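Chain residues, written in single-letter form:
Protein chains: 2
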Amino acid sequence: MTTDTMPDLMISTLPNSSESRSIAVTLQNDPTLSRSYEIVIAAHSLPHLGTKLRDLGLGKKSQKVLIVSNPVIFKHYGDAVQTSLQDSGFEVAKVILPAGERYKTAKSLQSIYDAALAHRMERSSLMVALGGGVVGDMTGYAAATWLRGIELVQVPTTLLAMVDSAIGGKTGINHPQGKNLIGAFYQPRLVWIDPTVLRTLPARELRAAMAEVIKYGVIWDRDLFSKLLDSPRLDQLRYIKPELLDTILYACAKAKAEVVSKDEKEGNLRAILNYGHTIGHAVEMVTNYRTFNHGEAVGIGMVAAGAIAVELKLWTQAEHEQQLSLIAKARLPQSLPTDIDLEQIIVALSLDKKVSAGKIQFILPTAIGTVKVTDQVSSEVVRKVLRQILTQ
Amino acid sequence: MTTDTMPDLMISTLPNSSESRSIAVTLQNDPTLSRSYEIVIAAHSLPHLGTKLRDLGLGKKSQKVLIVSNPVIFKHYGDAVQTSLQDSGFEVAKVILPAGERYKTAKSLQSIYDAALAHRMERSSLMVALGGGVVGDMTGYAAATWLRGIELVQVPTTLLAMVDSAIGGKTGINHPQGKNLIGAFYQPRLVWIDPTVLRTLPARELRAAMAEVIKYGVIWDRDLFSKLLDSPRLDQLRYIKPELLDTILYACAKAKAEVVSKDEKEGNLRAILNYGHTIGHAVEMVTNYRTFNHGEAVGIGMVAAGAIAVELKLWTQAEHEQQLSLIAKARLPQSLPTDIDLEQIIVALSLDKKVSAGKIQFILPTAIGTVKVTDQVSSEVVRKVLRQILTQ
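Protein sequences, first through last, are from chains A and B. My numbering puts the first residue of the first sequence at 1, with every later residue one more than the last. My numbering puts the first residue of the second sequence at 1, with every later residue one more than the last.
Just so you know, the hints here were simulated from the structure itself, not pulled from any lab data. A portion of the hints provided could be inaccurate.
Heads up, the list lumps identical chains together, so a pair's fine if it works in one copy or across two of them.
Calculated cross-link-like contacts (lysine-lysine; reagent style BS3-like; alpha-carbon spacing at most 27 angstroms) [stated by the list, open to error]:
1. Lys61 - Lys107
2. Lys94 - Lys384
3. Lys179 - Lys61
4. Lys107 - Lys94
5. Lys241 - Lys60
6. Lys384 - Lys359
7. Lys241 - Lys227
8. Lys61 - Lys372
9. Lys329 - Lys61
10. Lys179 - Lys329
11. Lys60 - Lys359
12. Lys179 - Lys107
13. Lys313 - Lys61
As the structure is a prediction and not an experimental result, all values here were calculated from the model.
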């Protein structure tokens, strides 16, 4: 975190697309031109990806592209992307990996490397991640490490990837004994978001992603928060007006880009993105990653963090209740199963990656749009809140 | 390559060490403080490594160190390093990998990850590479990718690693079908060179490294070149005076650091480090990596590149003969087996990683200390030189 400058924001339009917005991300830790990139949000934009890549100067030295995807996503959107790239003169190969977090492994990574080798990819060749967080993380890591780094474009197809994982440069795979233990910070050349692909997203995944959307409202963007409050429901795509979806995508991408631009490698600021994640991770762990998905656990974590902030008199009860109402609109769980052992959660908290010198780091809201990072939360307060809030 | 500024050079001394020299490397592509590092060359300095790491501020947050080495090197020098680190309060674990290029694999890498997990390494924990190029490349890559990047110190124990592979940030492992296909650019916090460890280096490895030493003379450092000429022999450590060894280590590390500082990721300048490597790689490939080791092949490549430069009237015959005399002093081969098929070398050249648009890139000397990069060498000239020079 070196300066307070915001990244430039640009609005641009795409041919044949009703509207599009574009956010320029410049990483301030590494302000070389090659490391700044654009996030484009535009409905019906998949068929224009090839043209955009040419505009960016990709394909001048190597025409080779490797699309990485999963079977369901590729069935829906593979043709559109592949045709667009071929029409722009790229030589396209693909590798389709099994879907799901449990395939984010060294073995899947090896499949990407093998495909890159078979396609004779060069340093100026391109990998395109077409899918959700798992595809994006693995493709990003493969691009970071093949020939010590080749070109990368993210085409996120889930709401969670659009608002979170595709932006920020965190890439990696899981180790058999832990998530994301192996990875690299590696920025794409472009993030290309076509919101129309969300029509095939399962409702539970949409709701889970909404937890992260609400998070951006609480930690960074008061205006987003109040627009979410205006929507009667947030649990299915059909209840979310197009203008609101547009606002969500733009505001979240912008928030993440702003935070990451100023702090690429988790110095200080980036920690605020973990709002709701401290207790959320502990809940996931204690329930063996089965009861809740990640977004649901983060929702519970935000309920708990909000309550802790209220308990410590950092936050008003009124704003905390606004947050609760958003979580309810997204139909996210707000409590834990009654048979859960709260002491297990306390133990799990002490194993968190971000524990430093035995102190657990919490991100706590102080006002809508503003949070503080603190390790001054006693385990008594955590216990009290978990007891009050989570098993009611 | 953004500016012409040289990295700062500093001379420092170490306690109980007769003499030491230190080179500060600042990468100009990424001038954040965290990315600049020091190369220290000091006899009998292994026992002082722990103190130096403390001086650098390492171990403030995490005391954990993982030493990566191979059986022979660890037998000779493991105790000295381990004791030094423990005396400075570090918690030391080690992982000993089998020696040799054929073990630079995903499997060995997994062993490092597993050891890091077992030792519960954190983001501020440290990996120490104690060994030659294979250990350094793998440890560097593991450090680059464990938890998306932890601290790294290189303690090179071969002449080749000291003058070349430990400096510059290239890390990686081999893919079953190609060398160094998987990797990352990742800079250490410190390169710690104790020349006294060279006493256990096999003579053939010393000679092979001497090819790279001669390379630095030709491409960058006229003074080094002339000091090498003054030495009657360069093929065994006992013939190389301590002052000359000191000059070699300092000049080569400085040359590599200067080149890399100005061009971390192989834009333009860094290409000159490939002098002798174009034909060298082709020779290695055609002889199935069995007849010659890497340094020997580079020596042959320099003989060929020098002859091509003379043929194209870029270089004088007199200077080319000076280069030949250095290669002879190092007892490096200057010709190929008579039964080799030169056309196979021509084919292998066309498969080189650095081929761009079908043109082969050559680094050719124009004067001692100066080279030019060109893709304007016809295959007729290459054939003629190979025929004249290499099978005589």
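- Task: Hints the structure violates: just list their numbers, smallest first.
- Result: 1, 2, 5, 9, 10 and 13
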